[in-house]
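Participant: Going down the list, the sequences are from chains A and B.
For the record, in the first sequence the residue sitting at position 93 is 100 according to this note's numbering, with numbers rising by one throughout.
For the record, in the second sequence the residue sitting at position 24 is 25 according to this note's numbering, with numbers rising by one throughout.
Simulated from the structure, these hints should not be mistaken for lab results.
Glycine included, every Cβ here is placed at the ideal spot set by N, Cα and C.
Careful: at least some of the hints might be erroneous.
Unchecked claim - Some, not all, of what chain B presents toward chain A, calculated at C-beta under 10 Å: (1) 12; (2) 35; (3) 43; (4) 92; (5) 103; (6) 110; (7) 113.
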Amino acid sequence: GEDVEQSLFLSVREGDSSVINCTYTDSSSTYLYWYKQEPGAGLQLLTYIFSNMDMKQDQRLTVLLNKKDKHLSLRIADTQTGDSAIYFCAERRGSSGAGSYQLTFGKGTKLSVIP
Amino acid sequence: SQTIHQWPATLVQPVGSPLSLECTVEGTSNPNLYWYRQAAGRGLQLLFYSVGIGQISSEVPQNLSASRPQDRQFILSSKKLLLSDSGFYLCAWRAKEGRFYNSPLHFGNGTRLTVT
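Put together the whole structure using the sequences plus the hints.
Facilitator: Right, here's the structure in full:
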């Protein structure tokens, strides 16, 4: 299909690890992104991964990319209540020419952290 | 550093009234500019994007229009709002890029529009 797919909800206990999964569609996507949206706010870029990488780690965040299955995941270690938000996966599609690359977003996964 | 400003933050408008949402970017030149809408319970929908002054691409035919009168200014408008125009509107920018050069989208804080 054409959509970037994500589960809509995830609930974890404070201190546990959270894993948010995403499947994308375009095997030629060069960059994949994770954005965080807190209530009433815009989207904040968390991290991104280039398609020739399998893994990227940035402090508590670990991104895993499985190109064969077109599967992307975001792991948040030691999840805190401040991590409660909606997390969007996005893939960059398109080719050539400035401005013709578009980001296609999933519907977002709402992460709820239970104290 | 670059910043993006969007206003107003919230807006309540009656059906049939006009709309003008403004977005400006500072600290960069010749950015690509975007308007997204986020309806309740749904993901982000790209409405318009612009690669330069006066250049607007529409992704979804609808009641809205966009204009880019200056390099770092992007305006979303409507002549007559519909109930279905309610939603959270996000402006975003990013630098021009090539296939292997990454330039992520940077979002403003959004405008919550309620059409009554």
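Participant: Run every hint past the structure and note whether it holds.
Facilitator: Results for each hint:
1. Taking 10 Å as the C-beta cut-off, the interface hint given for residue 12(B) is violated, the closest approach to chain A being about 14 Å.
2. Taking 10 Å as the C-beta cut-off, the interface hint given for residue 35(B) holds, the closest approach to chain A being about 9 Å.
3. Evaluation of the residue 43(B) hint against chain A yields a held restraint, the C-beta minimum of about 6 Å falling below 10 Å.
4. With a least beta-carbon distance of about 8 Å to chain A, the hint placing residue 92(B) at the interface is held under the 10 Å criterion.
5. Interface restraint check for residue 103(B): the shortest CB-CB distance to chain A comes to about 5 Å, inside 10 Å, so the restraint holds.
6. With 10 Å as the threshold, the beta carbon of residue 110(B) comes within range of chain A, its nearest partner Cβ sitting at about 5 Å, so the hint holds.
7. Annotation: residue 113(B) was flagged as interfacial toward chain A, and the flag holds, the nearest CB pair being 7 Å apart, inside 10 Å.
When each numbered hint is compared with the structure, a violation occurs for hint 1 only.
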